[in-house]
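Going down the list, the sequences are from chains A, B, C and D.
So that you can map any letter, position 319 of the first sequence is 319 in the numbering used here, and since no number is skipped, the others follow by simple counting.
So that you can map any letter, position 81 of the second sequence is 1081 in the numbering used here, and since no number is skipped, the others follow by simple counting.
So that you can map any letter, position 114 of the third sequence is 2114 in the numbering used here, and since no number is skipped, the others follow by simple counting.
So that you can map any letter, position 8 of the fourth sequence is 3008 in the numbering used here, and since no number is skipped, the others follow by simple counting.
Quick caveat, the hints were computed from the structure, so don't treat them as lab data.
Remember, predicted model here, so these are calculated numbers, not experimental data.
Watch out, some of these pointers could steer you wrong.
[Unchecked claim] Here are the simulated SDA-like cross-link-like pairs (lysine to any residue), alpha carbons at most 20 Å apart as the crow flies:
#1 K1404(B) to T1361(B)
#2 K2023(C) to E637(A)
#3 K1429(B) to Q1274(B)
#4 K1142(B) to E3105(D)
#5 K3077(D) to P2014(C)
#6 K1344(B) to Q1274(B)
#7 K1310(B) to N479(A)
#8 K2091(C) to L3023(D)
#9 K1401(B) to Q83(A)
#10 K1084(B) to D523(A)
#11 K1429(B) to V1281(B)
#12 K2196(C) to F2070(C)
#13 K2091(C) to K2166(C)
[To be verified] Residues of chain D clear of chain B, computed beta-carbon distances all greater than 10 Å:
#14 L3023
#15 V3025
#16 I3034
#17 L3073
#18 M3095
#19 P3109
Backbone N, C-alpha and C fix where the C-beta goes; we use that ideal spot for every residue, glycine too.
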Amino acid sequence: MAHDTTAKSDFSPHEEHAPAKTFVLWRPHAPTGLMDWLTTVDHKKIGFLYGFFALIFFLVGGVEALLIRTQLMFPNNTVLTAQQYNTMFTMHGTTMIFLAVMPLSAAFFNYIMPLQIGARDVAFPRLNAFSLWTFVAGAIILNIGWFLPVDRWGAPDGGWFGYAPLTSKTFIPKHSIDFWVMGLQLLGVASIAASLNFIVTIINLRAPGMTMMRLPVFVWMTLVTAFLIVLSFPAITIALVELMMDRNFGTNFFEVSGGGMPILWQHLFWVFGHPEVYILILPAMGIISEILPCFSRKPLYGYPIVVFSGACIGFLGFAVWSHHMFTTGMGAVATAAFSMATMCIAVPTGVKIFNWIGTLWGGHLKMSTPMMFALGFIWMFMLGGFSGVMHSAAPADAQQQDSYFVIAHFHYVLIGGSIFALLAGIHYWFPLIFGRKVSEFWGKLSFWVIFVGFNVTFFPMHFLGLNGMPRRTFTYDPNMGWNTANFIATMGSYVLGLGIFIYFATMVYTYFKGEKVGRDPWDGRTLEWSLPTPPPEYNFAVIPTVHARDAFWYEKHHQEEIAKEKAEHAKEDEAHGGIHMPFASIYPFVASFGLLILAIGATVFDSNWSPGIHIKLATVLVGGAVAVAGIYLWALEGNEGYHLHIEGDDHKSDAKKH
Amino acid sequence: MLLTSLLKKLFRLDVCAFLALGGGSLLRASDANWFVMDGHQSTIFTEGPVAASQTNLFFVTCWVTFVIFIIVGAVLAYATVKFKARSEADEHAEPPPQGHGNPLVELGLIAASVLALVIIAVPTLKAIWFTYDVPGADTKAKLEEMIAKKEVYEVNATGYQWWFKFEYPTEQATVPESGGKAPLATANELIIPAGQPVRINLRTIDVIHSFWIPKLAGKVDMIPNRANFLWLKADHPGYYWGQCAEYCGDSHAVMRFRVIALGPKDFNDWLDSQLQPARNVASKTAPKAQLAAWRKPESFRRNESGVTSKFDISPLDAWIAKQSPEGGEDPELIAKGKALFQSKTCVGCHAIRGHGAQGVTAPELTHVGARSTIAAGLLENNHEQLQRWIHNPGVVKPGNKMAKGYIDNKITLTEADEEALVAYLESLK
Amino acid sequence: MSSHAATIDHHHDPSTSTGIPNKKLLMWAFLASDCMFFGALISTHLIYRLHPPSGGIKPLDVFDIQLTSFSTFILLMSSLMMALAVNAIQKGNVKSCRWSLLTTMFFGAIFLACQVFEFNTFVIEKHMTISNSLLGTTFFTLTGTHGCHVAIGVLWLGLMYVRSFKPADGRGGAGVWFTTLLHLLAVFGTLVLTMKFVIELVWSLQGFNGYAMAGLIGREFLTIAGALIALGGCFWLARPAGPVQFDQRHAIDVESMGLYWHFVDIVWIVIFTAVYLLEYL
Amino acid sequence: MSSASATLPAHDAGHHDESKFPLYVQIAMLLAVITGVEIIAVYLPFAKWILVTTLVGLSTVKFMFVIFYFMHLRWDKPFCTILFFIGLVLTAGTMWALLTLFSVENAIPLPT
Ligand code: HEA
Ligand code: HEA
Ligand code: CUA
Ligand SMILES: [Cu+2]
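One chain only, chain A, in its complex shape (with noise of 0.2 Å):
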């Protein structure tokens, strides 16, 4: 059973004078309800949102994915028009990157790794709340076109990356693009904002003896990302304000006839989309290399280098992006660079494959549900890295850039990679964070309609680009030897659909009428299991001292001579005043609310100058002064915080197996 502890605030500042309070540095402390979740600055319900609104994406994602299918399933079927079916492309696409997978790995990075090392939250929470707020400004902002007049709004249609000069003023003169400019704009400074605090987390907040080579593979592939985040969010935000700037100032920077050379935007854009695609799949490597060893009862299979490998493939990640620009006429040289550089990445992530299968190997595998996803990953994404292989050899590729050959690789690793990854971290994590165990039968059942609906939906994909199924089309001819398999794929899909939807179903349900469970249900192997189901707010009652790689592991092993430890930290804690914990704060909120406004003001309101300008430039002010004045009052308010004093043993019973 859970343990509970009794935790009594007392709201002495950690300043020797006690602050100035105003009516406007008020600090809210509301435990529960709205205001709770729009002022909370705990790493966990932060992680907890970033998950609720991912899935909600996720789904939409889903739908328009399934309405794609369905306008396919028949040569020239008519359930969308070309307009509707381009937006649903350009808005699936760009929904499950920037919406779903993103989010979702974002959502682990906050639950779960500050869990891993010790800390009691990350290092900036405040800025940690902006970062989640600004991503939901950012989505707003890219799907509000769907609720606005199309002839002149409508949701974004210019592909999910956007070349110029398809989306300069010339061509779609609708505000879509705009919508697209901006949202993405503002996901970017909520991912970079992010990605620096998890950087300074996991360099600066380790628990004591969480030495860098003893880090879970999650926390070091989180550190990755973040770095491959920082560095390369920066080109495509580059790009988007050139375009921004040639779409609303006349700018010349990818217009034709002022000299701009489009081709430009494909390389900025590039910079930023490989390592991108990096992003996207190195958190779910991290997620798997903490299920596999948890289920198969032993340590990761050569952990240096599968950390090694981690950060090999981000740092080759920044030199391959011309892979997706094979057929731009880049001259012998340059094409054979980026050819052979796109072969090399092979390398490292097969060693990580290798090892995964190595720490299998001689283990004793316990088929729990997160396994079988876990397994299903190694096998898609497997697949999936082999299509991009074949895309590496850039002269076959020229048959396949832009075939449904590509569709059917990057579904492979980003669904068969990405997805299951995170799909097997929401059930391996779900006792953690909701104290309840999700069935094992639904759970299995959901993986099984989930990995043939999968397959049946993309497989045959790969054969439709060999045979010349040009992508982001409506509509095809009858007599192209298309119908069939495009049959078959849509069926697919909605078995996948119905996966999935068994899958969340079975969530939803476990979260409110699920088995419950205690402390560390999986015989887990790193810190976040020696908390109680679900952790409280402070995470550790006592910081873990870390001895070893696996330290739960080791601590299960080591009980006595751990509590020893424990119960002195403990007493040292105590005279330095309790746990400190920080005060919530409604600014990051207002932050990023008055960058949604100003992001309104700048993409819905016409820039002619009857009213319209008037409106926007008055919405864009509004915005900008509420964004400045809400950062201000941030950096005035300070860090401040209280204490928390843990009544009972909870100590003890840390190192307690369950």
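Since the structure of chain A is already known, use the hints to place chains B, C and D with the ligands on it.
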């Protein structure tokens, strides 16, 4: 609960479920041989050296990864089955030895991966250089010399939203309107000499398009402000499907084209007829074989197919048949159509050499009657489809610039107008 | 708590795993990211300089190397002052730190004024705008983005300066809040109005676009009066009063800001060479 | 927590007390001089590649002085330097690659 236990029974064997679902769809597919990739745009059944080199490379990558997949997959499957905990007791037994890895094994596997990649890399490099230069023309001067000698044939292809313009810089056609000469231009159907390397200069006047004839060569993009090119060779005369492969806006999906490769004599004959100004019909010709009654344009549904399977059986023959005038031409009707072409402002966009039409923003129509398709490969070029097109181009091709022209110029056509225009267009052989 | 220690080691924060303060680490990570940001912008500019459209505007017809050299020098000096400000606060010398902050800000403002001046001449006299040429497009976007960074730096400096007056005992409540606002207004008012006047003055001296020396004082009376009042406000609000909550412990805040400021300076070092000097070869 | 810093040997914490003021001023002067040299250099009649190399070299020197002295990297934990250089090196590499990609013949834009 009942449901759960029932399903549980059904679901005892995970693998069965997999086979049932997967097998079901395979069964559905088996009669159609969907995995035989012999469509019009097949990248597997190629008909030119460039595409062949790319496909051969693809098979190298395929085999290498297939072998790796079998090996790695076998080990993975073995490990999964062998080390699976068989019982509850097994799960709670003493943990297995906590081994941390073996550097030698790891290094060995890395070396093996590198080796596999080398097998792919070598043919990749070869194929890259092969696709980038017309054989024998590795310097600019040499290329120009070969073009001058017509050892390499040169054409320009330009992408427009959503059709292609083709130009023959080496062939000068007379333009009666100006009395001068201009390079021969045509649209949506590229005629090339078979068995000869063709260098295609790729340009665009608006957004990025991509030029792709899967059976002849992998795609190369048409990028604004960039001088891309592609070379290809058709091994033998034939009729090939092409497609724009870069998303270029509303009607990207229906931005298609055709390539017709002809033997030397046929090619020269074709050039000769193309260089002529537009044809005039002086007298009534004998009635043609009766066509099936054609439908009124209103009855076309939005995306109703514009091609018939009959056409697919031997498209090259269908194209050849189009080259000479059909029977049943009515000079009066044609003259009416010619006049309408002027009065309905078609001339503002289209060019018909010799008939006073010099528009530049739309496909050249001087010999439109001799093409096998219209509207960028979307519709078969016959009476029925021509009328469907000019009746309401915007419905056939969403976002179409011609439809916009109709609205801007307030063009309305009666059924009689349409018939006259169709007769006129069909006469332009 | 380390905050009560008599001496603070500014290179070691015992509460973190590495000993590097969180804020410093955050700043360095951010600067690494900002490198990429400017890298993309500078690349854009250089690529278009490598392939200029025919018949475009020539940089040498537009650039004014004297002015740019001057503003480069000014930015360098501001960097020096910033370093001194950090040095001062690390030793607990609040007064010296404040003066250094003000000087840094002042130099930053001069740099910005130079840029405003430069942009104006380019647009009005040299007829290069952001939209009429590719050079204008990339030049104004690149240097303008850098200018924005400087402006944010100046804003940050101002906020830090005013923050250094936060009373130690939290007296006053809403009153402090009001004083702070007033102080901010005074500082930025002085800065902006002075900048405006100086620019007008230089334009008038040069007879730029119809500006004349005669009547300058009259035209700019409100600006001058406003600047003087704001300056007076600055002095009055900065009068010595009670202990403040600003000492060695806040050195890390000043230092992080300093990192940002120096980074903006090194970006300018690169821009000065890549955008300006290389054109003169 | 405070014990760590309090027990530090005096000379270790010492470098805060001896003022860096003169050092900073000297470096600033040096930077100013280098800038001056750069400005003069562009007017000198040397081959272009020499001048470009010189300019890039001198700017790098300035860059390094600022980050190592004004920005304290010299006295900070090496990790800060590593962190920043990850970004710097990747940026330099990307810029180099972009400029190279745009310098090959295929990249020359069409004559307008
Ligand atoms: C999660 C995301 C993800 C991941 C991980 C990858 C991984 C890889 N990708 Fe993929 N890719 C995408 C997402 C991803 N990709 C997306 C979204 C697109 C399309 C974007 C768009 O156009 O919209 C794309 C497109 C894309 C292209 C461009 C195609 C085109 O448009 O023309 C290329 C070309 O080289 C490519 C290559 C690769 C390679 C070589 C890998 C490698 O990392 C794979 C390495 C893995 C393995 C090889 C398997 C395991 C290894 C072994 C068992 C070892 C032994 C194996 C060998 C020695 C071969 N990808
Ligand atoms: C992580 C990223 C991700 C994910 C998870 C997916 C998931 C899916 N994608 Fe993906 N896709 C992309 C990223 C992704 N996609 C990208 C980047 C593109 C390129 C876009 C572009 O070209 O610009 C693309 C393009 C793309 C295309 C090509 C469109 C085109 O080029 O014309 C297709 C076509 O089949 C497709 C299908 C699917 C399907 C069937 C799923 C399925 O896996 C979806 C499964 C989910 C569900 C089915 C939802 C859950 C269902 C329910 C809860 C039940 C239903 C409920 C109700 C109706 C209430 N996608
Ligand atoms: Cu043209 Cu797609
Ligand atoms: Cu990629």
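Nearest-CB test (10 Å) between chain B and I3034(D):
holds (39 Å)
Is the straight-line distance between the alpha-carbon of K1310(B) and that of N479(A) 20 Å or less?
holds (10 Å)
Non-interface claim for P3109(D) versus chain B (Cβ beyond 10 Å):
violated (4 Å)
Checking the smallest CB distance to chain B, is V3025(D) really beyond 10 Å?
holds (50 Å)
Holds or violated: K1344(B) and Q1274(B), Cα atoms, limit 20 Å.
Violated: K1344(B) and Q1274(B) sit about 25 Å apart, past 20 Å.
Restraint status (C-alpha distance of K1429(B) to Q1274(B) at most 20 Å):
With a Cα-Cα distance of about 9 Å, the restraint between K1429(B) and Q1274(B) holds, given a limit of 20 Å.
Proposed proximity, T1361(B) with K1404(B) (alpha carbon, max 20 Å)
holds (13 Å)
Next pair to validate is K2091(C) with K2166(C); report whether the Cα-Cα distance is within 20 Å.
Distance ~19 Å between K2091(C) and K2166(C) Cα, so the pair holds.
Decide if the proposed pair is consistent with the structure: K1142(B) and E3105(D), CA atoms, cutoff 20 Å inclusive.
holds (17 Å)
Has the given pair, K2091(C) with L3023(D), been kept, meaning a C-alpha gap of at most 20 Å?
Holds - the C-alpha atoms of L3023(D) and K2091(C) are around 16 Å apart, at most 20 Å.
Starting from K1084(B), check that the Cα of D523(A) is at most 20 Å away, please.
holds (17 Å)
Say whether it holds or is violated: L3023(D) keeps its Cβ farther than 10 Å from all Cβ of chain B.
holds (48 Å)
When each numbered hint is compared with the structure, violations occur for hints 6, 19.
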